[in-house]
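Produce the complete structure using the sequences and hints provided.
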Amino acid sequence: MNKPTTPAGLMRIPLQLGLFVLLLVTGLLLSFSEVPKLPADPLPASAAEAAWVDSVFNSLTPEQRLGQLFMVAAYSNKDRAHFNRIEQLVRNQSIGGVMFLQGGPKRQANMTNRLQASAKVPLLIAMDAEWGLDMRLDSSAHFAKQMTLGAMDDPKYVYLMGREIARKMRALGVHISFAPVIDVNSNPGNPVIGNRSFGEDQERVAKLGVQYIKGLQENGVMAVAKHFPGHGDTDTDSHVALPVINTDLARLSKVDLVPFQQSFEAGVMGVMVAHLYMPLFDTTNAKTTTLSRALVTDLLKTKMGFKGLTFTDALNMKSVSKLYKDGELDAMALAAGNDVLLFSEDVPAALLRIREAVTAGKLNQADLDFRIKKILRVKHWAGLSKYKPVRTAILRDSLNQPSSKVVAQAIFEHAVTVVKNDDKLLPFQRLDTLRIAAITIGTQAEGPYATIFNKYQPGPVYAVANRYADDSTFTRIAARLGGYNVVVVSLHNMNNTPSHSYGMGDGALRFIKQLQANPRLKTVVVAMGNAYGLKFLENARTLVCGYEDHYAAQLVVPQVLFGALPARGKLPVTVSPTLKVTTGIATPDLKRLRYATPESQGLSSRVLAQIDNIALESQTYAAAPGCQVLVAKNGTVVFDQSYGYCTYDQSQPVTNSTLYDLASITKVAGTLQAVMYLKDQGKLSLDERVAAYLPELNRTNKREMTVRDVLMHQAGLKVGIPTWERTITSNGLKPTFYASIRSDDFPNEVVPGEYSTKAADDSVWAWTMRSSLLPKVKGRYPTEYSDLSFIVMKRLCEKILKQPIEGFLQENFYRPLGLGSMTYNPLQRFPKSCIAPTENDTYYRREQLQGSVHDQTAALVGGVGGHAGLFATANDLAVLMQMNMQNGRYGGVRYFQTPVVTEFARPMPGGRRGLGWDHGDPRKPTGPTSNLSPASTFGHTGFTGTCVWMDPENEILYVFLSNRVYPDAGNNKLRQYNIRTRIHDVIYKSLAAGTPKK
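Note that numbering that gives the first Met the number 0 gives residue 122 to position 123 of the sequence shown, counting from 1, and the numbers run on in steps of one.
Hints are computed from structural coordinates only; laboratory data are not their basis. Computed from a prediction, not measured in an experiment: that's the story for all the values here.
Straight-line distance between alpha carbons at most 20 Å, and here's what the computed SDA-like set of lysine to any residue pairs gives:
1) 306 to 296
2) 923 to 783
3) 105 to 115
4) 733 to 845
This is the structure we're talking about:
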């Protein structure tokens, strides 16, 4: 068609055509007769506002007043010439506002301050920030797209997201957010709305839209609902071509307009009119709704009663701008009833066309003045009557508040959807029965998804970075799956293009089908993207939708798979005839350790960051070359960091996968677990004599000691006795005890290449039985911490269990819990490079120890001692201890049937010992635990520089692992500088700082 040439670009419509449109619109308006009253003005007037508005209005020339109607696009990542052009529009045309697009936060803040300094009337600053500032700015927070929000089970998080975004926008000097999108997305092929919509149900879209609006406006940012009258039922991108929507009156009134009407009633201050062609409103060929007076004025403003600011969609969109001469589109948009002209391509030309239209009677000056004053009223509401520049010095902190991470993760915790669970496979429970392979397509192996996945199920992650990889790539991976019975395939880096299978490659889709056809395997498919893409995966028997591939989504999805978090979400759209809207299977919370931010559990990340300084101090003063620190609260890991190196030459960094020698933590992480199990099963009585279970003690001085006395270190047993010392001479190891080749007679590895006699354990037991006891004090044995206590308890457990303790623990605790690193003799399963070295042993084994237990007696008996021998990472130790804090309940399994842990952890009156467990020492001003922790805190320390402490009152778990004995066990700087306890102090200071004051 030819471009219109009238001054305002207003086409003359034939009389018959005009009557037809009038009848259609009249019918539409009558369909809203059930609305009881019109929405109130979202900007109630005040005397102060009126005075400011009149003062500013009267100070402007007629040309400057018209300039207030314009909001132009600005980019903080463009050159000086771009800034100069925008600044000239501010100075010369007095434009009313700026809409920022791409750039960075600091650059945008600086540009905002400079533009505001050039403005006679402070500018309204706007942004598209539908899912967070990162929609437009680099290095900025991402929350969630609206399809994700639509999947949630709790709308309050939509409000909280709006609040967080508003706070960031205010810090950045932004007053208007072009959000939320309240289009009802009823067309799965929609290329421009799609996952920007809350979903396909108009009532739910309305409800969530109102929450978003309130979150923004109650925190000082004007919301702009879009895209009126509804952009959901189209398959054309309006940025490129003009979409045609052949809707009827019934659908429009009952579906598309419902969210808008409810948002008006809720007080939304702005609305954006879409670029659509709707013959219902205007039969002029290809005339956009933005230019339709029947829609903007008659329907939106008159009948629906919207009194806020009406924005055009971007006037530079080629679907409309290509049809008109410079400036004509702007004048036509004003004639239709719009208040703010967004993204005008030529402001000077537009001002000329507007003045011509006023002169020709196409636009009414009084009406324009009313709209200009309405814009000034919004400026007053936004605080521009008392304008202050953006505080760039604190901008980084203002934009990176911890609460934002809490909200972002909470959204996905409530949105991730188990779409199908035909085999009842999710959540994964008995991990010892499952051999799970993780395959990621479209991302690297490193990343939050793989990291969190491995917290529950250690092992390789097979990563295919190219989502369009060919069949040969997947064939190679398939060849490695022989040892697995479950495969989890996650699809990453998906896109929103229906015509390209939402970014899923044909090879990947074929590979998934092949896995599903394998009767030996159970396949879980995880789509980390647009829910509409599930139609290509609907044959999966186990199907999960993560909605996005954002950091928080990758953090949450593995936790849902393993039951650390329940699945709560439901599909907000219909994907296919078998996957309909509201499809979603709730799964239980199995009480596994979760992973989240400190603030989510009431701790302060700012205070916890002090741990970094203490850890650095330990390295600086050579207290330990490196360490792992883990903190959990309420069953949620909120701090999990590794510091330094495995050795002082800094050749190998400590990672969260580094194994440490736990030393005496073995007592509670190993032997005591078996003891509590036997007590829980009724196979062991605490007040029974140990000799009742080990009759050989009846012939010794230990015949009267009870199980309780042994566990409380008050049975008279010495701290230690010579064991390994009996097996060496000044020239080296005695050949009666050791051999350099493993054999049936010498099966126990002391260090690689040196093996002890099969009689070693019996020899240690014989020496223990023959050992003398401590003298009694006032008729009782004193409480004296002793390794012998747990040498005794290991012997007792193995006698009752009728199996070696290491096998029992693996079968009944470690493997079911998924503790891939917790083991005795780690060199049987791990390379040395994975294990932190301990002492350079110059007196017994005469070599640098790495992967061999540091404790000499445990080494003598083959690495499995009742008092020492275990190795693990901080995370695996935390899992075991969290199970204990939960009295044996973990991962959907009850490891103890009674509250046996509570019984064993109860401290002895006036002392620091429980039944096997240690406590802080109330008799000393400093001790192994923080003085800020309650007396109920229990756990244990280890000689190699380790500790674990559990606080059941505050549900706090603290793990510290180090190799302070490298290379010299005489290094006591860890205790000298009180490193472990000071870190424990920080945790409680963080709790105090993070707890809201009443």
